[in-house]
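Peer 1: Going down the list, the protein sequences come from chains A and B.
Here the first sequence stands for residues 1 to 113, where the numbers follow the working numbering.
Here the second sequence stands for residues 1 to 93, where the numbers follow the working numbering.
In case anyone wonders, no lab produced these hints; they're calculated from the structure.
Take the hints with a grain of salt, since some may be wrong.
With beta-carbon atoms standing in for the labels, derived distance ranges [said to hold, decoys possible]: (1) A/G96 to B/S28: 42 to 50 Å; (2) A/R16 to B/R20: 23 to 31 Å; (3) A/V56 to B/A71: 35 to 43 Å; (4) A/E94 to B/D26: 16 to 24 Å; (5) A/L109 to B/R13: 35 to 43 Å.
Listed next, the in silico DSSO-like pairs over lysine-lysine satisfying Cα-Cα at most 30 Å (straight line) [unchecked claim]: (6) B/K29 to B/K11; (7) A/K79 to A/K65; (8) B/K11 to A/K65; (9) A/K79 to B/K70; (10) B/K70 to B/K3; (11) A/K103 to A/K79; (12) B/K3 to A/K65; (13) A/K105 to A/K79; (14) B/K29 to A/K105; (15) B/K29 to A/K65; (16) A/K103 to A/K65; (17) B/K3 to B/K29; (18) B/K70 to B/K11; (19) B/K29 to B/K70; (20) A/K65 to A/K105.
Just so you have them, the derived chain A footprint on chain B, three or more residues with Cβ under 8 Å [claimed, not checked]: (21) 40-53; (22) 73-82.
Where a beta carbon is used, it is the ideal one built from N, C-alpha and C, also for glycine.
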Amino acid sequence: MSEPQVFERIRDEIARNDVLLFMKGTPVFPQCGFSAAVVDVLSELGVRFHGINILVDPELRQGIKEFSQWPTIPQLYVKGEFVGGCDIVREMFEAGELEQFLKDKGVALARAA
Amino acid sequence: MGKVATAIEAKLRAALAPVRLEIVDDSSKHRGHAGWREGGETHFNVEIVSAAFDGQNRVTRQRLVYAALKAEFDAGLHALALTTLTPAEHAQR
Chain A
1 MSEPQVFERI RDEIARNDVL LFMKGTPVFP QCGFSAAVVD VLSELGVRFH
51 GINILVDPEL RQGIKEFSQW PTIPQLYVKG EFVGGCDIVR EMFEAGELEQ
101 FLKDKGVALA RAA
Chain B
1 MGKVATAIEA KLRAALAPVR LEIVDDSSKH RGHAGWREGG ETHFNVEIVS
51 AAFDGQNRVT RQRLVYAALK AEFDAGLHAL ALTTLTPAEH AQR
């Protein structure tokens, strides 16, 4: 079985954005509490990220679930690596692991030390 | 317990033999939000403690849960807030 065409687009987006959030709504106007929670964490850490609103793109909405083998949104990618959804991002943030992970990946954090 | 919650419990028990499993239906808190539907059972909060998570990272743990519940997601289950712990991690809480 050949892979869905949308995978190509997803790979391209992931390659072009160091920190990429597939979400419902936009970073300024999240339309789901789980997406909003991840935006809050990234903002708190001062991470520059690109948000893709899957609500306006049905092909992407289905495709990203298959691509990541992950049935829910939001989904966070950092430097090509799938980090997880809302629970994982929040857990890592609360444990201080997310900040370390981002630093290890070479992502700039604007938060004052 | 509703139909979906009952199915979630049965499938997680069969797939992951949890030593602790707590399932809370949060659907009413998401009333009117995307994915919500009349009759509920779309949003759940699940805490699961299982030896199947030993040595697995967070992403793999959640994928194990999602794989067990694929039919439920396909049928309209919208959101699972997951806490996945090994027995050792749970004992430390």
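Peer 1: Just pull the numbers of the violated hints for me, sorted ascending.
Peer 2: 1, 2, 3, 14 and 21
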